[in-house]
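Undergrad: In case you want the letters, here they are:
2 protein chains.
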Amino acid sequence: MQIKIRHEILSYASLLISGIVMSLSIQTFGTQAEEIKTVDLIVHGRYVVTMAGDNQVIEHGAVAVDDGVIVAVGHGSEIAAKFSAEKEITGKDRILMPGLVNGHTHTAMVLFRGMADDLTLMTWLQNYIFPMEGKFVDPEFIEVGMSLACHEMIKGGTTSFVDMYFYADTGADVIEQCGLRAILGSPSIDFPSPGFKGWDDSFAAAVKFVKNRKSKSGRVIPAFAPHAPYTVSADHMAQVSKLAKELDAPITTHLSEDRAELALVLDRYNTTPIKHVESLGLLENKLIAAHVVHPTDGEIKILAKYKVGVIHNPTSNLKTAAGISPVPEMLKQGVRVGLGTDGAVSNNDLNMWEEIRLAALLHKGVNYDATAMPAETVMYMATKGGAVAVGLDHLVGDIAVGKRADLIQVDLSGPHMTPLYDVISHLAYAASSSDVVTTIVDGNILMDNGKLLTLDAEIIRQKANEIAARITRALNKE
Amino acid sequence: MQIKIRHEILSYASLLISGIVMSLSIQTFGTQAEEIKTVDLIVHGRYVVTMAGDNQVIEHGAVAVDDGVIVAVGHGSEIAAKFSAEKEITGKDRILMPGLVNGHTHTAMVLFRGMADDLTLMTWLQNYIFPMEGKFVDPEFIEVGMSLACHEMIKGGTTSFVDMYFYADTGADVIEQCGLRAILGSPSIDFPSPGFKGWDDSFAAAVKFVKNRKSKSGRVIPAFAPHAPYTVSADHMAQVSKLAKELDAPITTHLSEDRAELALVLDRYNTTPIKHVESLGLLENKLIAAHVVHPTDGEIKILAKYKVGVIHNPTSNLKTAAGISPVPEMLKQGVRVGLGTDGAVSNNDLNMWEEIRLAALLHKGVNYDATAMPAETVMYMATKGGAVAVGLDHLVGDIAVGKRADLIQVDLSGPHMTPLYDVISHLAYAASSSDVVTTIVDGNILMDNGKLLTLDAEIIRQKANEIAARITRALNKE
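Protein chains in written order, with this note's numbering: chain A, 8 to 485; chain B, 8 to 485.
Please note that a few of the clues may not be correct.
Copies of the same chain look alike in the list, so a pair counts if it fits in one copy or across any two.
As the list claims (entries may be wrong) - Result set (DSSO-like, lysine-lysine): computed pairs, CA atoms no more than 27 Å apart in a straight line:
(1) Lys282 to Lys252
(2) Lys99 to Lys458
(3) Lys312 to Lys142
(4) Lys99 to Lys470
(5) Lys89 to Lys282
(6) Lys339 to Lys458
(7) Lys99 to Lys218
(8) Lys312 to Lys282
(9) Lys223 to Lys99
(10) Lys221 to Lys458
(11) Lys252 to Lys94
(12) Lys223 to Lys484
(13) Lys484 to Lys218
(14) Lys44 to Lys142
(15) Lys293 to Lys314
(16) Lys99 to Lys221
(17) Lys252 to Lys99
(18) Lys218 to Lys89
Hints were generated in silico from the structure; no laboratory data involved. These numbers come from a predicted model, not from an experiment.
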């Protein structure tokens with residue numbers, strides 16, 4: 008970092024002390040003299056939505072970023088008085104806010120996007136998803152699928168995500184390269200799955216991944232990912248609980264998703280899913296539990312007590328007919344709830360703005376309460392609340408000094424964003440993925456004015472289409 | 008219309024008959040000779056989704072348009088063999104489909120977008136909507152608000168809409184100028200409203216509007232718009248029924264929207280809203296009934312019997328906490344159901360893609376049935392089914408010879424549209440407003456490759472912001 012002095016102060020100073028090096032004595036010039044620090048990046052916002060503390064919206068604000076860290080937040084004039092930067096991004100007609108946190112997805116499944124919809128769960132799984140995963144999911148599939156997904160997420164302003172899919176090492180490579188931040192779970196399941204014969208080798212791979220995968224950037228956090236209480240035996244789930252605690256690693260899993268799961272857990276263990284995994288020690292870990300559609304009131308208390316991160320996936324829960332999660336009640340009882348898209352086969356995209364909007368709308372309708380899930384609540388869930396839920400809040404989720412610089416800009420010039428009375432309302436009810444113009448992670452610009460900087464969209468699309476052509480041929484043969 | 012002959016045929020013909028005018032004898036040259044008709048416009052589509060008949064998707068298709076009418080639909084090569092056009096629009100990476108039909112909205116209310124959210128109905132209406140409407144809704148408001156709304160609709164691929172808001176004559180002028188198609192209801196209500204003291208003058212204005220408003224373009228269809236069974240007395244509703252029948256004019260109204268309405272109608276008339284308006288003769292008209300959230304099973308049969316056009320507004324019904332309409336059951340019983348956004352105060356945008364997606368998702372979740380409301384069904388509701396519901400299907404709703412050319416193109420190049428297994432799935436679950444690149448109404452291009460041609464976006468935005476600034480000052484004073 009260099010120290011610069013503003014031109015007018017330098018001239019004034021020069022008159023006084025004729026060219027003596029200023030930097031040591033700058034503080035002595037009183038109120039007019041100020042250090043101008045050169046930083047890597049200054050990003051402006053017509054509105055800066057910090058999601059930090061009470062004063063969430065700064066008009067004509069700016070953020071100074073250095074070495075990937077937010078070093079200052081304030082009015083544009085204050086920032087300009089203290090910092091200069093090689094790269095400065097305009098805030099004209101733009102909201103500056105924290106990047107979105109997608110708490111649950113299976114990103115590489117974008118390659119199956121729209122392959123099979125509107126089917127019963129069993130037809131869908133047994134005739135489409137399982138056979139096509141068995142035939143096509145390999146490291147190449149993961150590399151291409153995850154690159155395509157990262158493209159979509161960068162375009163839509165998602166900066167962190169929690170993933171669970173096969174060949175986690177390949178996935179980690181893609182994340183490192185494209186610049187996003189992720190908690191990446193290596194999945195373990197009692198049945199054969201891509202690359203694995205069953206529990207033993209899938210769990211061994213997860214242990215190896217969690218122990219050995221290093222991230223120079225710090226942006227990839229390896230995790231355990233036991234699939235669900237109905238696909239992982241009690242013994243195996245307890246095995247994960249124990250080892251994750253020893254290794255202090257996060258766990259991501261599916262929990263209390265649909266009524267078939269409730270029936271199966273009741274039949275097999277004579278209890279409910281959340282109580283079942285509690286008895287196996289799972290909740291004593293840093294647990295990210297996707298779905299939680301059918302918690303009992305007692306289970307909601309358990310989730311709050313253990314500080315489980317619950318990820319609400321409203322689109323997926325509707326599309327797969329899992330049901331509607333009692334999110335307002337969970338929030339009321341202090342459960343940490345974030346938002347997720349789930350994989351593209353049950354969505355069919357990775358657009359967090361659709362989850363934000365749907366979460367804001369859905370619970371009003373089903374509870375006959377227009378005040379349920381206000382805009383502020385869902386925007387918190389999509390940013391800081393999501394970061395808290397997945398355990399990334401020490402790094403990201405809000406715009407505050409010391410946090411990593413995961414920032415996005417949302418364009419305000421579209422007709423659907425005009426006029427503007429309330430920034431948070433527009434973000435929750437009117438903004439869409441295509442309004443995101445800038446995506447920054449760890450201070451690195453991944454998209455600048457709509458232009459993707461770390462991925463080659465054309466090559467990714469071409470490779471994705473090649474794989475899809477092979478899948479289509481296989482589907483037609485079946 | 009001119010008759011042209013393809014160059015190679017002309018040369019061949021010239022050799023034979025040395026310059027004699029070809030047009031009369033063209034048919035005699037046998038299989039090699041074909042008339043090439045010059046038309047106004049040819050639009051291509053990598054996929055043409057006609058929404059007409061069974062064979063809904065034509066790969067590498069095209070549509071020929073002349074004098075605002077679709078004159079041919081087929082494979083690109085077939086169209087090229089028969090037609091040439093001054094203006095040709097590429098179909099590379101684009102779906103060509105019918106424009107969307109927004110069956111219920113109050114467009115000019117976009118100027119209140121995001122002014123007040125997440126409030127109980129009474130606080131929202133009495134502290135925000137009613138006082139601000141009273142203060143600010145005048146012809147200038149309508150002109151600016153409707154222009155802004157038309158901008159948003161053109162950008163998002165809505166080509167027809169059913170509107171109900173004040174100063175209908177001003178609204179009609181805007182629609183004529185911007186090129187969209189609308190059924191425009193002049194609202195009548197028992198209480199004072201912008202421009203009116205009560206029922207008598209608001210109904211008189213509606214009668215005048217329906218009788219006298221002429222549309223040279225044929226794109227603006229005047230309609231009656233009695234507000235709702237709880238704001239219009241039985242006598243007044245019967246008055247509308249009678250006169251609309253005499254004048255053969257459509258009626259648009261709100262019906263069976265929320266539980267407060269049910270209670271009020273029960274209390275006042277000892278029946279349910281749909282049976283109530285049936286008794287007043289309303290259903291014997293060309294009725295477009297918005298919402299219909301709480302029909303009884305008997306009422307669903309009534310709606311089917313009278314061929315009432317029901318408009319499902321899923322976003323609005325959730326946001327205002329009205330509830331969830333039993334759309335799958337209505338469809339099963341043969342009710343004509345279209346989709347609508349409602350006004351921007353209960354949405355907060357006019358994005359039909361969000362209604363499509365939400366309609367596809369919502370009913371799966373609440374009915375625990377992943378096969379409910381498949382993609383084809385919702386795409387039908389947004390196009391041809393919507394046109395049927397609002398009574399525009401003789402003009403628009405599908406791509407078929409003889410229909411008016413209301414067409415849109417949807418870009419397929421985004422990461423969220425990659426790869427592609429099923430065009431209809433992508434339209435229902437992945438497409439968004441910003442994917443629309445071309446909007447054509449009546450053969451006139453309103454947006455070409457993302458560029459707006461009939462409205463000045465900058466001026467509209469500036470005027471909208473000026474009005475919003477006045478509203479903000481008034482809100483701050485309250």
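Undergrad: Each of the hints needs a verdict: does it hold here or not?
TA: Hint-by-hint comparison with the structure:
For a Cα distance limit of 27 Å, the shortest separation of Lys282 from Lys252 inside one copy, 19 Å, qualifies, whereas the shortest one across copies, 63 Å, does not. When the C-alpha separation of Lys99 and Lys458 is checked against a cutoff of 27 Å, the pair qualifies both within a copy, at 17 Å, and between copies, at 21 Å. Taking the shortest Cα distances, Lys312 and Lys142 never come within 27 Å of each other, neither inside one copy (42 Å) nor across copies (51 Å). Taking the shortest alpha-carbon separations for Lys99 and Lys470, only the inter-copy value of 18 Å comes in at or below 27 Å, while the best intra-copy value is 37 Å.
In this assembly of identical chains, Lys89 and Lys282 lie within 27 Å of each other by CA distance neither inside one copy nor across copies; the values are 54 Å within and 70 Å between. In this assembly of identical chains, the alpha carbons of Lys339 and Lys458 never lie at most 27 Å apart, being 41 Å within a copy and 47 Å across copies at closest. For the identical chains of this complex, Lys99 and Lys218 are neighbours neither inside a copy (46 Å) nor across copies (48 Å), given an alpha-carbon limit of 27 Å. When the C-alpha separation of Lys312 and Lys282 is checked against a cutoff of 27 Å, the pair qualifies only within one copy, where the shortest distance is 13 Å, while the shortest distance between copies is 51 Å.
Within a single copy, Lys223 and Lys99 get their C-alpha atoms no closer than 35 Å, and across copies no closer than 42 Å, so neither meets the 27 Å cut-off. Taking identical chains as interchangeable, the C-alpha atoms of Lys221 and Lys458 are never at most 27 Å apart, the minima being 30 Å within one chain and 48 Å between chains. For the identical chains of this complex, Lys252 and Lys94 are neighbours neither inside a copy (43 Å) nor across copies (67 Å), given an alpha-carbon limit of 27 Å. Within a single copy, Lys223 and Lys484 get their C-alpha atoms no closer than 45 Å, and across copies no closer than 55 Å, so neither meets the 27 Å cut-off.
Taking CA atoms no more than 27 Å apart as the test, Lys484 paired with Lys218 passes in neither setting, with 42 Å inside one copy and 61 Å between copies. When the C-alpha separation of Lys44 and Lys142 is checked against a cutoff of 27 Å, the pair qualifies neither within a copy, at 56 Å, nor between copies, at 50 Å. Only within a single protomer do Lys293 and Lys314 lie at most 27 Å apart by alpha-carbon distance; the minimum there is 8 Å, versus 56 Å between protomers. For the identical chains of this complex, Lys99 and Lys221 are neighbours neither inside a copy (39 Å) nor across copies (44 Å), given an alpha-carbon limit of 27 Å.
Taking CA atoms no more than 27 Å apart as the test, Lys252 paired with Lys99 passes in neither setting, with 47 Å inside one copy and 53 Å between copies. In the homo-oligomer, the alpha carbons of Lys218 and Lys89 never lie at most 27 Å apart, since the shortest distance is 43 Å inside one protomer and 67 Å across protomers.
In the structure shown, a violation is registered for the earlier hints numbered 3, 5, 6, 7, 9, 10, 11, 12, 13, 14, 16, 17 and 18, in ascending order.
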